[in-house]
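Each chain, written out:
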Amino acid sequence: MFLLLPFDSLIVNLLGISLTVLFTLLLVFIIVPAIFGVSFGIRKLYMKTLLKIFAWATLRMERGAKEKNHQLYKPYTNGIIAKDPTSLEEEIKEIRRSGSSKALDNTPEFELSDIFYFCRKGMETIMDDEVTKRFSAEELESWNLLSRTNYNFQYISLRLTVLWGLGVLIRYCFLLPLRIALAFTGISLLVVGTTVVGYLPNGRFKEFMSKHVHLMCYRICVRALTAIITYHDRENRPRNGGICVANHTSPIDVIILASDGYYAMVGQVHGGLMGVIQRAMVKACPHVWFERSEVKDRHLVAKRLTEHVQDKSKLPILIFPEGTCINNTSVMMFKKGSFEIGATVYPVAIKYDPQFGDAFWNSSKYGMVTYLLRMMTSWAIVCSVWYLPPMTREADEDAVQFANRVKSAIARQGGLVDLLCLPGHLDSAHLWVGMTCY
Amino acid sequence: MGSRSSHAAVIPDGDSIRRETGFSQASLLRLHHRFRALDRNKKGYLSRMDLQQIGALAVNPLGDRIIESFFPDGSQRVDFPGFVRVLAHFRPVEDEDTETQDPKKPEPLNSRRNKLHYAFQLYDLDRDGKTSRHEMLQVLRLMVGVQVTEEQLENIADRTVQEADEDGDGAVSFVEFTKSLEKMDVEQKMSIRILK
Chain X
1 MFLLLPFDSL IVNLLGISLT VLFTLLLVFI IVPAIFGVSF GIRKLYMKTL LKIFAWATLR
61 MERGAKEKNH QLYKPYTNGI IAKDPTSLEE EIKEIRRSGS SKALDNTPEF ELSDIFYFCR
121 KGMETIMDDE VTKRFSAEEL ESWNLLSRTN YNFQYISLRL TVLWGLGVLI RYCFLLPLRI
181 ALAFTGISLL VVGTTVVGYL PNGRFKEFMS KHVHLMCYRI CVRALTAIIT YHDRENRPRN
241 GGICVANHTS PIDVIILASD GYYAMVGQVH GGLMGVIQRA MVKACPHVWF ERSEVKDRHL
301 VAKRLTEHVQ DKSKLPILIF PEGTCINNTS VMMFKKGSFE IGATVYPVAI KYDPQFGDAF
361 WNSSKYGMVT YLLRMMTSWA IVCSVWYLPP MTREADEDAV QFANRVKSAI ARQGGLVDLL
421 CLPGHLDSAH LWVGMTCY
Chain Z
1 MGSRSSHAAV IPDGDSIRRE TGFSQASLLR LHHRFRALDR NKKGYLSRMD LQQIGALAVN
61 PLGDRIIESF FPDGSQRVDF PGFVRVLAHF RPVEDEDTET QDPKKPEPLN SRRNKLHYAF
121 QLYDLDRDGK TSRHEMLQVL RLMVGVQVTE EQLENIADRT VQEADEDGDG AVSFVEFTKS
181 LEKMDVEQKM SIRILK
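Residue numbers (my numbering), protein chains in the order written: chain X, 1 to 438; chain Z, 1 to 196.
The set of hints was computed from the structure by calculation and includes no laboratory data. Some clues are possibly wrong.
As the list claims (entries may be wrong) - Okay, the calculated beta carbon distance ranges per label pair:
(1) X:Leu300 - Z:Pro106: 53 to 59 Å
(2) Z:Gln76 - X:Asp398: 49 to 55 Å
(3) Z:Pro106 - X:Glu394: 54 to 60 Å
(4) Z:Glu151 - X:Ser39: 44 to 50 Å
(5) Z:Gln152 - X:Val38: 56 to 62 Å
(6) X:Thr370 - Z:Glu163: 33 to 39 Å
(7) X:Phe36 - Z:Leu195: 39 to 45 Å
(8) Z:Glu107 - X:Thr230: 57 to 63 Å
(9) X:Arg304 - Z:Ser47: 30 to 36 Å
(10) X:Glu307 - Z:Gly129: 50 to 56 Å
(11) X:Gly37 - Z:Leu195: 49 to 55 Å
(12) Z:His134 - X:Arg304: 33 to 39 Å
(13) X:Gln401 - Z:Asn155: 19 to 25 Å
We treat Cβ as the ideally placed atom computed from N, Cα and C, and that holds for glycine.
Given these sequences and hints, build the entire structure.
Take a look at the structure:
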């Protein structure tokens, strides 16, 4: 027993040292390329390997299920009800025409019978909605060894369970600490870097440094999440004096876009860690942060944003007009505020591949910290970003129509379902521009 | 944690529900499956939050009111029979229903009158049997509110109530509502067909 003690401490020491060295090497290996914006392609290789493993796992499960005569895929994935694909305007016109005997020269804005359309559509979604249906269908086409997305998991074979256990081990004991360390480094570098840059005199050098500090830190954060991003059409990237508008799936959308471009952020002032980050960032370059009281005043918000875009030396604003996180299959109604300002709009479509990790944040179910932990213990976040050509409001268009046009363009590009555009509450600037408050 | 397809035996009171709502066995099975999909925590009943999770419903201007219609009399839970009872209003009207109209039996849930009554309830928030100008204004704000000013909204509300109001009490009763929509093919507009 006593003989083991000195032996023990030697082993422990060696283990400790080698782990620390390994860790530091990894950190350096990942951070240095982030600083220079270079990629070794390691993440792509990682993704390919994972895909091969998932395909194997799915085959095993299917074979196992067939042997035991189990029903592996959920039934009714094709929809419960018969729907006819007419648009809001068409249906309402038809309803009014059939119900009233008057000649409809000028369509009134409202009739008693309009309610039928909304009523039925609402009931249809209760019976069968695209999102719930599609999510349960997407689940099992290829199991990604994250049992949280596979409700049908049963014990199929020893090999599969061992593989799953190994996956858990790797994700929680190796990837998670690494990612947390990276995230920590990224955020502290951001705060420190922007504060330091803030002390420089205004000029070209300060702008240059500010841009690179921002980019570097966002790149580190991207690696902290192991996000594998494919950018398409980068020649359409937003330019100064414009507004960049994107569909919003998760809080990490900001990181994904900001790591490839230099934007001015728009948002509400928070307390705590977010507040520290916000205050530091604004020292280096002008972001637009609103106090809680200012957010309620639509005109103030509009004024500040208009001032910002009219100054051509200022950076393009990054806005997510949806204001809430949507499960990544639809592009919800875009709030019209951002489109009234009159600047050039650069639409961006972001689409996540759910196979490696679901980036959707259900804010009623998980808090921010739980969400981040889920992100950091997934295999990877894979997404595609499309930069669409810039759009401007036409002379005969109003803000709502313009918003719809942009929304359709984004939905088409990302292959997302263009959800019906229905009027909703717009009683505070918060919802008007679509600033997200967590 | 395995998957089980629902069998008729699993639906409690399946027979009485079928008689009351008129749904076929197959439709009931599908609705039961849907009920269980919406009931994420497997509680056996649905709460308001379960229905609020449906994204497409949240965008619908009448979404909240439709959800409320599942919880009559201030209840907080809706079980499967209650769920199906509301959905039964939207069952398409088939010829067999009108033929076997037994005057002693209660009107089927998907009759024209009951469909209209369901829609009327979405207007009539306080359930007093009348849609006042104030209630009309509230619904208008939900459905049209973005595109028009407050003044225009009031004008529209006034016009709509005036057109339908016959006894001049400044509110639209259910009878007046029915009368103003007598030419409308309500049965078709308020029907959802369930696939086999």
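Item to check | Hint check against the structure, violated hint numbers in rising order | outcome: 2, 4, 6, 7 and 9
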